[in-house]
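Peer 1: Full structure from sequences and hints, please.
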Amino acid sequence: MQTSHVQRSPGRMRHGRLASVLLAPSLFGLAAFLVFPILVVLWLSLNRWDLLTPMRFVGLDNYFDVLSDPTFGNSMLRTVIFVVLVIPLQVALGLFMAVLLTRGLPGSGLFRVIYVIPWICAPLALGVVWKWILAPYDGALNNLLGVSVEWLSNPALAMPAVAGVTIWSQVGYTTLFFIAGLAAIPDQVIEAAQLDGADGWKIFWQIKLPLLGPTLFFVLVTGVISAFQAFDQIYALTPNGGPQGTTDVIASRIYLEAFQGGFNLGRALVMALVSFVILVIITLVQQRFFSERITYDLS
Amino acid sequence: MTSAPTLSRRTLMTGLAGAALIGAAGCSPAAQQNQASASASGAPATVTVRLWDEQVQKAYDASFAEFSKQNPEITVKTVLVPWADYFTKLRTDVSGGNADDIVMMNGSYLQPYVTSGSLMEIGADFDSLKPGWVPAAVEQYTRDGKLWGVPQLTDGGIAVYYNKKLLDEAGITPEQLNGLVWAPDGGSADTLLPILKKLTIDAAGKRGDESGFNGSKPKQWGYSAAQDLQGIYYNFIGSNGGQFQDAEGTFVFSSPESVAAFQYIVDLINKHKVSPAASNTNDNGDFTRDQFLQGKIALFQSGVYNLKNVADGAKFEWGIAPMPAGPKGAVSVVNSIIVSGNAKSDVPEATRKVLQWLGSADGAKFIGSSGAAMPAVTGAQAAFSDYWKGQNVDPSQFATQGGMPSISAPAGENYGAAFSAWKPTFNEIFLGRTPVAEGLKKAQDAANKAAAS
Amino acid sequence: MTSADRTEVPGRTDQAAPASEVDRADGAAALSERPGTRAHNPAQRPAADRVAPDQHAAPEESTGVRSSRRKRRNPLADALTYAVLLVAALLTLGPFALSFMTAFKSPGQFASEPALTPPNPVTTENFTRLFGGDYSFISPIAVTAQVVALILVGQLAFSIMAAYAFAKLRFAYRDTLFWVYLATLMIPQVVIVIPLYAMMVQSGMRNTFWALVLPFMFGSPYAVFLLREHFRGIPDDLIDAARIDGAGDWRILWQIVVPLSRGIIATLAIITVVSHWNNFMWPLIITTGRDWQVITVATANLQSQYNANWTLVMAATTVAMAPLLILFGLFQRTIVNSISLTGFK
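Protein chains in written order, with this note's numbering: chain V, 7 to 305; chain L, 1046 to 1498; chain R, 9 to 353.
No wet-lab data here; the hints were simulated from the structure. We put the beta carbon where it would ideally sit given N, CA and C, even for glycine. Honestly, I wouldn't trust all of these hints.
Claimed, not checked - Partial list, computed: chain R residues near chain V (C-beta under 7 Å):
(1) A87
(2) A91
(3) L93
(4) F166
(5) I202
(6) I260
To be verified - Footprint (simulated), chain R over chain L, 3 or more residues, beta carbon under 8 Å:
(7) 1152-1166
(8) 1395-1408
Peer 2: Structure, rendered in structure tokens:
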């Protein structure tokens, strides 16, 4: 059905004026609060500013300083450890719970709702709650188990504890995505496989999982980006980088460098920039990895 | 064309728009409270005073009520910021232009604010008040010949608060607490340790000096050893003849005397278990105080700044005893606190008036009369002694200790950075995970590096 | 709009959806081409049905259908499943129950009895202390509500406008500009907060209400992306018909396109509210003192001041979490469905 083109004029600029009006506010926001700050970052990273004394231009000194500083290397390492601890477990558990919840058992809806509750709460607030639960002397966990474990002061335990809290708060949310992904798999496909004699296990591994590709991709990419920037709950649980710096992930380190201790904004910004670049690389790598592997076509 | 919305999206949108309009006013109930009381007294000038001590805040509120009676055009409000965050917040606030007009200041953190010109000089218009101030305090806060704040509190020395009931149960008299001596590596010269062991009880009821004592399941501790600079470790260092920082400001706490002092403290915690595990105290400066108030610690070593807290919070009979002495005597840290004016205050004239009030005997006596602290304004000190006499408490031990040889509090331009640099390693030392000598050397190097940058 | 409104992306307050979202969208489009897929086949269903969350009962429907086809129910497997689900539910709710209980205990009882004993007597002294004294939570709640309301209205309105432009209008550099929007999604919040802080300090805006709101209220790239996808699915015929009837683009946008997108807009509203209500790092940096502290900052401050006074601190976290939990209780069906909606594309 051809619509009348009476009121349309050809050309790319036809909606120019209207578009500028519609785009103006968000473009302004983008420019003022996103693009401009990046330029400011680049400028500030070349200066030394400790918030009290006037700014001093130091060229690339901050870059040399940070890149040769073991503290920065430690932060990157801790961040990687955190991501590696949190994401695979979170995704696996999310998928596992989703499979359980899509078996059609009565009450699945209620469970689904329950698991999402941690997502609604502020990570900061959850962190404070867990700080109590994991407190060595009067914390709930030690009380319950009858032990005196130093969950957050022991360098071997602090990172697992922090990762555990993060996974705990995120699994339900991840589960929802997988439920939606599983639900979208057409019944015909499953039935066809069942007719062919495949059992549940095989169906899962060879049909459902590949078809969950896009969901998996989304969950992994957004999960990694989010875990990379984790701050709130880590700040609540281990405010100063944790025992021996074991929970000194990059977001925490940047905050501490800029607003506590040394008050060294130039260094903090260099760290922020470098971690940003690394994050982009990781994301692009993930995207490349997945685009070659996702099963889109069923025919 | 659209079906009639149920929980009408329209209603929701209107509601949100309404909320947005209210929001456009950007009203904060807290801010309004401030304005309300200001306009209530018809005052054109509001001066804000920032501090970290709750007890002093109460005293100040009373003091400022009196001040506003005499100066009705000025309202003064106090703002409390927790000690743990106080100096980090102060720096960002001074930088961000949000600092209060008057800020309580500590000698260790003073320098950068002087260097950057953030503080008002206490100059000629205070000359008439200066003679009334404790000389040590004036000296501590004079840099380049100029005074940078009005002395307010003088801490005297450190002493030991004891829980009489727990002492009685252990068969120890308060007199036995006088003249206690600690010695590095224990040994027969150490009269402190046996007492502490006797005062420590595990969950099974065994005391620290009985066989079968299991320190991992404590019910009660004898002592409050912790990573507490003013209350604990500084004094042990001084009492062993060691130094924390030399005259040039270099940190020297890995000297043999200091190492021995730290080793003793760490052993109290981890070896003899007469004090709570450091995982409780490393990041919580109030843990030992709170446990003492709950009757779980027998001897709480601290300063006069906790006197009111103890008096108000202890539900048992308590007393004050001298601090244990070390090989080189009982050397304590002595500290004064000042209040400084913000050089960038909106209301400099009013701020000066308030500072003058606080520097006068009339203004400072409230601190004394509430028992919160010993005023640094000599004319107001009688109020302090009178208050405690009325409470049947004798705080003279703090003054006595203050009159004895002391070790000066740390300071420096980059003190904050140095502190952040040494704290993680100190945490490890107190947790028993890093050997003392090695840890102190590492911490000292980090601190000096941070201080020099 | 800053990467601080990464907050939009489902997943976390400080998360960015990658530029690869576009590829994914294309992939998803390919997915939707297949016969039999439930969702997102614009050609087959009108947009309204497709996106309205209340009608989108995909998970339950499909599981219901599938289960009726299952030939064998294995009771052992079912029992095990229930066991696992129950344990998981206990683990999820446990911390909340414990903290809630502690908030109603007196400090004395807390100090002397194990953590798991129920409060006896149940006392509200922690809450009265919370609302009476220096650390009253009334102001933070009011401030947070206003900030979120303003950001919500601004973000939705301006993102809808931008998304319509990208979806339905033709103008120079349209696609390039859209890519710029997407690219900004990749910038982590932690990179932006420091320069924004410096900018605010320079302009004297530190510790003001508007400092909390302005960086976010001009729209969100993520919202623009999502909305554009849905707007694209609205048939041009509808819009042309309205034009013929004499409607201007403005009216078309607000009276045709928006009502048809109720579902996705509700979803975005939920995500925006949750993210900004729980935002912590930016308010922590840009505000100080009691005037403008939001709920998260107030909680952190209280924990710092009353360190290890756990009954009081748990009362604070309970109050901090209550508003959204109540909202969740009321709208849980919508919320849960919305999350599923955004995730699967």
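Peer 1: Look at each hint and say if it fits the structure.
Peer 2: For each hint, the structure was consulted:
no.: 1; hint: A87; verdict: 10 Å, violated
no.: 2; hint: A91; verdict: 10 Å, violated
no.: 3; hint: L93; verdict: 5 Å, holds
no.: 4; hint: F166; verdict: 4 Å, holds
no.: 5; hint: I202; verdict: 6 Å, holds
no.: 6; hint: I260; verdict: 11 Å, violated
no.: 7; hint: 1152-1166; verdict: violated (count 0)
no.: 8; hint: 1395-1408; verdict: violated (count 0)
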